[in-house]
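Asks: The residues making up each chain are set out below.
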Amino acid sequence: MTVRVIEKNCIACGLCVQACPFEALEVKGDVAVVDPDKCTNCGDCVEICPADALALDEPPKEMTKKEIKSVEDNEAAAKEIKKELKEYNGIWIFIEQMDGKPAPVSWELLGEGARLAKQIDTELVGVLIGDKVASLAGEAFSYGADKVYLVENPLLKNYVTEPYTKVLVNLCKKYKPEIFLFGATSLGRDIAGAVATQLQTGLTADCTELTVDESSRYLMQTRPAFGGNIMATIVCRHRRPQMATVRPRVMSMPERQDGRTGEIIREDMDLKQEEILTRIIEVIEEKGSAVYLDKAEIIVAAGRGIGSKTNLKVIEELSEVLGGTVAASRAAVEAGWFEHTYQVGQTGVTVRPKVYFAVGISGAIQHLVGMQTSDVIVAINNDPDAPIFKFATFGIVGDYATVVPALTGEFKKRLNEEGLR
Amino acid sequence: MHIVVCVKQVPDTTEVRVDPETNTLIREGVPSIINPYDAHAVEAAVSLKEKYGGKVTVISMGPPQAEEVMRRSIAIGADEGILLSDRNFAGSDTLATSYILAQGIQRVSDKEPVDLVLCGKQAIDGDTAQVGPGIAVRLNIPQLTYVMEIEEVDLESKEIIVHRKLEDKKVRVACRFPALLTVVRDINEIRYSSLPDLIKSARYKPKLWTQKELGLDLQQIGLKGSPTSVSKIFAPPQRSEGEIIPGGQDNPNEAAKVLVQKLLSTKIIANK
Amino acid sequence: MTEKFDVIVVGAGPAGISTALTTTKAGLNTILIERGDFPGSKNVMGGVLYRHPTEQIVPEFYKVAPLERHIIEQRMWILDEDSAVTLGYKASRYGAEPYNAFTVLRARFDRWLATQAVEAGVLLITETVVEDLLIENDRVVGVRTGRPDGDVYGNVVVLAEGVNSILTQKAGLKKDGLKTTELAVAVKEVIGLPKEKIEDRFNLEQGQGVTIELVGDSTKGMVGTGFIYTNTDSISVGVGALLSQMVRKEINPNELLEHLKNHPMVRPLLEGGETKEYLGHMIPEGGYHSIPKLYRDGLLVVGDAAQFVNGIHREGSNMAMLSGKMAAETIIDAHKMGEFDERALSHYEKTLENSFILKDLQKYQNASELFETHDHFFSLYPQMINKAAHEFTTIDSIPKKEKQNKILKDITAQRSKFKLIKDMYRGWRVMG
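Residue numbers (this note's numbering), protein chains in the order written: chain A, 1 to 421; chain B, 1 to 272; chain C, 1 to 432.
Read the hints as simulated data drawn from the structure, not as lab findings. Don't take every hint at face value.
[Unchecked claim] Label pairs and their in silico Cβ distance ranges: (1) Lys55(B) with Thr347(A): 44 to 54 Å; (2) Ser32(B) with Thr275(C): 18 to 28 Å; (3) Ser308(A) with Thr232(C): 47 to 57 Å; (4) Arg304(A) with Asn251(B): 23 to 33 Å; (5) Thr266(B) with Arg256(A): 14 to 24 Å; (6) Thr14(B) with Glu267(A): 38 to 48 Å; (7) Gln119(A) with Gln261(B): 33 to 43 Å; (8) Ser265(B) with Thr347(A): 28 to 38 Å; (9) Arg267(C) with Pro236(B): 32 to 42 Å; (10) Thr275(C) with Thr347(A): 16 to 26 Å; (11) Thr14(B) with Gly29(A): 35 to 45 Å.
[Said to hold, decoys possible] Derived pair list, reagent style DMTMM-like, types lysine to aspartate or glutamate, alpha-carbon separation capped at 25 Å: (12) Lys224(B) with Asp73(A); (13) Lys232(B) with Asp73(A); (14) Lys169(B) with Asp268(A).
Cβ coordinates follow ideal geometry from the N, Cα and C atoms, glycine included.
All chains should be modelled from the sequences, with the hints used to inform the complete structure.
Replies: As structure tokens, then:
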């Protein structure tokens, strides 16, 4: 059994040579050549070939004893890899917390994890580390975890990369998860790369969609690249755990089931103060500051249509009621109503909030590129032909001076009612 | 201080498009630039050199054309550039890339000990932000990501104080070096190079190190050394026209009610 | 202090690159300063590149340079509102090496040409504007750029700054500045079309190209022309007219282009195409009388900055490249002598006078003025030619002699026999 080279297509790029786990391919002259003794028909080279120059062949009619033996040897090697992978089980979710406050993405991931765990019939585990955080284990069970690995240590009170990494790496080596997910927060993206490198395994960043192939148990990880211009689906075939950081607020928050319980497994970790070379001096809260526009979840942006600086008051009020941040289009900045740090768009900041209110903003392409990946865009503009209405999830054609205060009032009322303030 | 900065040549992603029919990248005519975050890292390194004395070496893994970003770095004020280039590096994912760069930095450090490694937060093509932390692990030095300000360097006690930018707060942290920092754009403005620096950079030829020279393990580089691989590439779904809520002009209160109801029911505003 | 160079060239267009390439090949330390992101980023042309002159700069360039199509046919259309009288010349021998002319896209071609210069040793600095000249004791000794520590000194400065000849004026070489009668404004669109379609529509084989100059209705009677050039997988369509006339008639170039694109003879050629790019630029149109003084102590002027454009024959890039080469040769000789004063550099003008550049511009020196003051050459005459052709080709039952008389009568009704003859005489005179 061997892969077949379609010589007229082959461009001798050598990618198949690198892809082959069994070193069965080499480039001789201007064409690839297969060593039939080494080839196991695994197909990795067929997938990677950019020129469609490789194909899985029909099995030959008769094989010599030698051929049969070598095929058996290769299949045995492939089985070895598969056997090793079988030792890895379970979907782990990193429960992120700061000062005992959990990051909501952790629960979103438990929700997603539960769905995946069911598909491949495995356990869902929460990994919780910190100091005096045991109560969060209960939360994890309420959101769907079957088991929680808990590591508590005063040295883990504040997040520092190295001790947290050490703990997670040791847990992974001991308990061998097949999938390990983190929120793609600044903390998650800080630690995941360190853990994956220590474990010499694959990590995919900022995923927006996860599916699992039930037969191969491969996690199919979809994420944006090239600044969001393309989507790529990534797979980590032969290393474990398959690791990914997942974009917050993309997966839905699962239903909370109070009273649900699970198994807590405590682990002690030997950590030494002298080994920790980083110390936190202070934390400075800066809610609503323009500096954090790129991470803001709710943005109320004002454009030229506002007319003057004094009219900004209604914008600020809406933003305040929603706990959001104000922002500006270039026109508003150039009119002197905002500093440049508040500018959203091609020559300003790119934002990705849950909701982006575009008030009095026409929607020129240069502004659009800065906010088009917002989850929801609400456009308020007097001009029904404004281009922004072509992209907005919701639009209201009217005078912002009446519409925005109406929104503020309604939000105040409803949010008070629902006790969310 | 000896500071090493990792830089990458990337396509200008504001100009990259996907052909929706073939689902392949249209890269023709897209200019190559220095990864913007890396340029900020070079600027930060040069500023530190100017304040505390020392040397700035830039290092990059890329094809021969990546010479261009070495020159750009010299124009900003770096002293030396090293390009790690080899056909065997092609197809490397972040794990393989951090291996290659770490080995390169180690070799630099063997000759002249390195105090700080600076990287940009992420590359604008891969958008992973994983290579910096990978390098830190391999060099066995502490890492500090999302650095928005370098407050102070104490050469005596070998400690650096930085501000890290989190979602809605910043954290002042002190760290012993050698250490690795990844920086965000807020950290500085890139200087307008002087003419002498521009002339120097136009003439500059970086050092070239290949896989053989670095003595790299072939199993850890290229496709072989990459646990992750791309299964599929496709164009993102286009944003389509949404819903206009009527009554904006005649009955704004009613329109507002309807909109708020819709927003709250999708739980976007509640998911806090 | 920045090092001192033998030659400082301002502007990396065809003229500047040709100058720098030639001086560097002779071993002179040359710096080429360009304000755009890369050479070509600020340059616009129709545009047609001629093989023979370009080979003087890079022999056999056509084997490796990024060219669009090689031209095998040149057409001229004299347009009325909805008709055209056409002329053309097609030669199969232009279809084989070494070829005669090519269509090019400047952003690609200039970039390539600059690479040849850099590989030969030119120090290319981009994204840098030369703001002023450095003058000491009445001699130009260098330039001042907008960068920190931005002064650079050299034995000779060559101004290849293009039609916006600010530094040439600062150098006192063009006392009365640029007049609107000496400039044309042109705009063009690059319209994408599959190569098979282009070859089909224009009756070409693979790689072959066509140029069409459009006179008359294309410029709404103003002095100027429209053009359609075939690129590999796009069409360059554009139009330009004398600035003074556009100002007087209050017509803007975009209007002209839209009008041209919709002309019934033009529209079908562009059908189904997708606009990829929109560009505009000024073109020197003043001819011989508008040429500034070309040199002074330590300074030479080449290309568009020297107004070396012959609009009648569609020549500009070749004059730019060759004037650059001539300037370089003068500098190489001066360098040997160690003298860079006005006397040493005057040889440049002499070379130009003996070349087609000044000879041709001199030949047509009165053409601009005649056409500007006698706009019937671009309005009435194209109309009349079309009318006559229409009359001639319409088969009805009117006897031919009557038809002939009718044509003559129509013509002379618009312009008297006497004036006609005077125009023809004058036209013959200015065209030399």
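Asks: So which of those numbered hints doesn't the model satisfy?
Replies: 1, 13, 14
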